[in-house]
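Participant: Chains as they are written, first to last, in this note's numbering: chain A, 1 to 115; chain B, 116 to 233.
Hint data in this document are derived by calculation from the structure and do not stem from the laboratory.
All of these numbers come straight from a predicted model, not from anything done at the bench.
Even glycine gets a Cβ: it sits at the ideal position worked out from N, Cα and C.
Incorrect hints may appear among the rest.
[Unchecked claim] Partial list, computed: chain B residues near chain A (C-beta under 8 Å): (1) G131; (2) F179; (3) E221; (4) G227.
[Unchecked claim] In the SDA-like style, the derived pairs of lysine to any residue whose C-alpha atoms are separated by at most 25 Å in a straight line are: (5) A:K22 - A:A99; (6) A:K58 - A:S112; (7) B:K172 - A:K58; (8) A:K69 - A:S84; (9) A:K77 - A:N97; (10) A:K77 - A:S60; (11) A:K77 - B:G143; (12) A:K77 - B:K172; (13) A:K107 - B:G143; (14) A:K49 - B:V210; (15) A:K77 - A:Q45; (16) A:K107 - B:T219; (17) A:K49 - B:L176; (18) A:K77 - A:T52; (19) A:K107 - A:E64; (20) B:K124 - A:R42; (21) A:K107 - B:E226; (22) A:K107 - B:L176; (23) A:K49 - B:Q156.
So the chains spell out like this:
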Amino acid sequence: AQSVAQPEDQVNVAEGNPLTVKCTYSVSGNPYLFWYVQYPNRGLQFLLKYITGDNLVKGSYGFEAEFNKSQTSFHLKKPSALVSDSALYFCAVRDLNQAGTALIFGKGTTLSVSS
Amino acid sequence: DSGVTQTPKHLITATGQRVTLRCSPRSGDLSVYWYQQSLDQGLQFLIQYYNGEERAKGNILERFSAQQFPDLHSELNLSSLELGDSALYFCASSVASHSSAGRTGELFFGEGSRLTVL
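Work the whole structure out from these sequences, hints included.
Facilitator: This is the structure:
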């Protein structure tokens with residue numbers, strides 16, 4: 001079965017420092033991977049995706065993610081964190097086992113950026 | 116603004132009752148997905164409809180049902196409500212189903228409907 005794991009419930013980083021939010025995946029076949037962000041009392045917003053090609057994917061708000069096939073990871077990164085980046089981040093993988101095209105989400109990682 | 120509209124934003128009801136949540140997808144999107152977000156279960160996929168037909172099922176309870184209408188809006192019906200059904204229910208939409216665009220495209224989420232069962 002397709003799945004993703006986010007090993008950290010919370011990540012704390014100081015403003016201006018680089019941040020990493022970790023995600024590992026387990027899929028049969030080629031993975032289609034996504035990152036979303038959720039601000040309090042809001043819906044999920046799409047940040048970026050990996051489908052194929054370059055292992056470094058650039059997305060919205062200065063975020064990027066590195067796909068690593070050998071480590072089955074897709075970590076979200078940003079060179080310099082902002083307080084406004086504080087939110088809940090979800091990694092997701094497309095479920096290709098079913099006839100549909102739903103995304104399977106990890107449990108989420110809360111990012112807290114302090115000033 | 117994702118273009119996905121959900122109503123109502125908040126709903127408070129009692130155990131045993133039935134509620135209906137409504138979703139209008141982005142213009143041009145044929146697929147609608149329903150998700151449940153709770154503190155203990157995280158974000159769980161419930162069901163997907165594509166152009167009016169059920170396409171995939173996730174962890175949807177038998178007490179829950181959904182449909183997608185000819186104008187592509189969707190409704191999620193929750194019946195015999197229990198305290199544990201209290202959650203945030205999200206609708207998402209995407210352009211297609213099992214085509215290449217459907218497999219690689221992202222989902223666009225609404226703001227959610229917060230259900231509280233007392």
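Participant: Please name the hints from earlier in the document that this structure breaks, with their numbers sorted from lowest to highest.
Facilitator: 1, 2, 5, 7, 8, 9, 11, 12, 13 and 17
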